[in-house]
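**Student:** Chain by chain, the residues run as shown.
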Amino acid sequence: MDVAGFWTRSWTSDDRVAVRQMLAPDAEIEWNLDAPVDEEELVQALHRIAVFADDVTVLGQTGAEDGVALSYDLVAPFGRARMMEFLTIAGGRITEVRQIYDVVAIDRYFPGLYAQ
Amino acid sequence: MTQPEVHLIGGSRAEALRLAPIATAMREQGRLRPVLMAAGPDPVGVDDTFAAFGLSPMITMPTGNDPAEALRRFDAFWGGQVPSAVVVRDFLAAAMAAHWRRVPVVQIDAGRRSSDVTPIGEDADRRLLTQITTMHLSATPLTAMNLLDERVAAGDILLTGGTAADAARALADRHPTAPDRTRRLIVVGADAAPVVAALRPLTVRYPDAAVVALDDQLPRLDRAALLASAYVLVTADDDLAEEALAAGAPVFLVGEPGGLTEAVDAGSARSVGPDPATVAVRMAGLLGSRVRRESMVTGGNPYGDGLAAGRVAQATAALLGHGRFPDPMPARPVAGVSR
Chain A
1 MDVAGFWTRS WTSDDRVAVR QMLAPDAEIE WNLDAPVDEE ELVQALHRIA VFADDVTVLG
61 QTGAEDGVAL SYDLVAPFGR ARMMEFLTIA GGRITEVRQI YDVVAIDRYF PGLYAQ
Chain B
1 MTQPEVHLIG GSRAEALRLA PIATAMREQG RLRPVLMAAG PDPVGVDDTF AAFGLSPMIT
61 MPTGNDPAEA LRRFDAFWGG QVPSAVVVRD FLAAAMAAHW RRVPVVQIDA GRRSSDVTPI
121 GEDADRRLLT QITTMHLSAT PLTAMNLLDE RVAAGDILLT GGTAADAARA LADRHPTAPD
181 RTRRLIVVGA DAAPVVAALR PLTVRYPDAA VVALDDQLPR LDRAALLASA YVLVTADDDL
241 AEEALAAGAP VFLVGEPGGL TEAVDAGSAR SVGPDPATVA VRMAGLLGSR VRRESMVTGG
301 NPYGDGLAAG RVAQATAALL GHGRFPDPMP ARPVAGVSR
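Protein chains in written order, with our numbering: chain A, 1 to 116; chain B, 1 to 339.
So that you can see chain A by itself, here it is in the shape it has in the complex (with noise of 0.2 Å):
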């Protein structure tokens, strides 16, 4: 299966219930946005931000030999921002999400992506 397409698509299109069963039990999160995440977090933050961008696209796509990096373009009412993601993959499950975000750029056109 294409755990990371699934992921992306899932997100993308606000499907949260299957970002949630993507997301293996005690999946390790992290990302560099200035709040703590956990799941629920991570969960909200996708939501929010399939909601509010015109669109989301994958820029790239690296994969490695135990998961897959992704790079995103963002595309806001007002402009855009760039993401990067790690995810490490098990059993068809992802097992750990690190998020890079220009933080820059999300603060400035996706203002309450997270809460400070």
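Hints are computed from structural coordinates only; laboratory data are not their basis. Nothing here was measured: the structure is a model prediction, and the numbers come from that model. Beta carbons are placed, not taken as given, at the ideal position from N, Cα and C, and that holds for glycine. Keep in mind that the hints are not guaranteed to be accurate.
Which residues of chain A face chain B? A partial, calculated answer using Cβ under 7 Å [what the hints assert, rightly or not]:
1. Asn32
2. Ala64
3. Ile100
4. Asp102
5. Val104
Using C-beta positions, here's what the derived DEER-type ranges look like [claimed, not checked]:
6. B:Asp275 x A:Asp15: 41 to 47 Å
7. B:Asp149 x A:Gln44: 24 to 30 Å
8. A:Leu59 x B:Arg181: 47 to 53 Å
Simulated coverage check for chain B against chain A, where a stretch passes if three residues somewhere in it have a Cβ under 8 Å from a Cβ of chain A [to be verified]:
9. 29 to 39
10. 72 to 85
11. 128 to 138
With chain A's structure known, arrange chain B on it following the hints.
**Tutor:** Chain B alone, transformed into the frame defined by chain A:
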């Protein structure tokens, strides 16, 4: 005791020029084992640049222009040989691969921004790189402040200066001949080629002046010698301008000053309009008055004091638990004012 292995990744000639002095300093300090990597779309050019310093890359990895492919190659390589840290300048894909494997990323010339507000472009890549950098080594106070503006922790930033000045010194030492001062050379970067035709008539009015179009493929030693001989450099390329300032040549910046506001403030660079005729008028003024040119030279190079490579090497070693962090680059004296 085994020395920690640090990979210095040159993704372009400009990056290689700035990394080479760091590799030399790391070897001299004896705390780290530097491994030079020639990567990016032009690894041969990177290799040639390292060779100008008497160095050769231990690893050559053509990565092309596709960031995803570059990321894949670095990740595959580091799967078998994990470094203790990597040092990059602008190479986002390499830094991402290191971050993915939780290898500390050290960035030199950190905090440079072009002030380009378009959200996708050079600055977007630089901001992302900032987010995954472990230690930010800035060339100037202004670039350090750019990082603070982006909420980087002050303790993760060190003002080391830029290593282009170290490179200029090293290349000058290696070049067999002294700079040519018999003619006033107006060197024009390849990016500003349309200006050449507008400048040529000035050589009739000033017979000791000559206009030289800089060939990008010129060997590094010859290029450094040419910049050291330049009466003035005309370019729109920030990296080339910084190399000229490091070699002691003033700069006419065609178009917006972009990321070189410090040099414009110091007076060693001037922003001239993109119109070739305007550049020619400004050049005539500079050729007509040596005082004007010397006043520009007095502005100096705000991007480094020639000791940055040693600070970068020491800071990287300290990050890995070897020794203490260096003192930051001292504040630059105001031109013409002794302290």
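**Student:** The segment 29 to 39 of chain B covered by chain A? Criterion: 3 or more residues, Cβ-Cβ distance below 8 Å.
**Tutor:** As far as the segment 29 to 39 of chain B goes, the hint is violated, because 0 residues have Cβ atoms under 8 Å from chain A.
**Student:** Just to make sure I understand the rule, a stretch counts as covered if three or more of its residues have a C-beta closer than 8 Å to a C-beta of the chain. Does the segment 128 to 138 of chain B meet that for chain A?
**Tutor:** holds (count 3)
**Student:** Would the stated hint for Ala64 (chain A) survive a check requiring a Cβ distance to chain B of less than 7 Å?
**Tutor:** At about 5 Å, which falls below the 7 Å cut-off, the nearest Cβ of chain B leaves the hint on Ala64 (chain A) intact, so it holds.
**Student:** Given Val104 (chain A) as an interface hint, is the shortest Cβ-Cβ distance to chain B below 7 Å?
**Tutor:** holds (5 Å)
**Student:** Per the coverage rule (Cβ-Cβ under 8 Å, at least three residues), is the segment 72 to 85 of chain B covered by chain A?
**Tutor:** holds (count 4)
**Student:** Interface hint check: Asn32 (chain A), Cβ to nearest Cβ on chain B, cutoff 7 Å. Holds or violated?
**Tutor:** Interface hint status for Asn32 (chain A): holds (5 Å vs cutoff 7 Å).
**Student:** Evaluate the given range 47 to 53 Å for the C-beta pair formed by Leu59 (chain A) and Arg181 (chain B).
**Tutor:** Given about 50 Å between the Cβ atoms, the range holds.
**Student:** Should the hint that Ile100 (chain A) touches chain B count as held when the rule is a Cβ pair under 7 Å?
**Tutor:** Interface hint status for Ile100 (chain A): holds (5 Å vs cutoff 7 Å).
**Student:** Against the range 24 to 30 Å, how does the distance between the Cβ atoms of Asp149 (chain B) and Gln44 (chain A) compare: consistent or not?
**Tutor:** holds (27 Å)
**Student:** Does the CB of Asp102 (chain A) sit less than 7 Å away from some CB of chain B?
**Tutor:** This hint holds: Asp102 (chain A) lies near chain B, its Cβ roughly 5 Å from the closest one there, short of 7 Å.
**Student:** Cβ-Cβ distance between Asp275 (chain B) and Asp15 (chain A): within 41 to 47 Å?
**Tutor:** Taking Cβ atoms as reference, Asp275 (chain B) and Asp15 (chain A) lie about 55 Å apart, which means the hint is violated.
Going through the hint list in order, the structure does not satisfy hints 6, 9.
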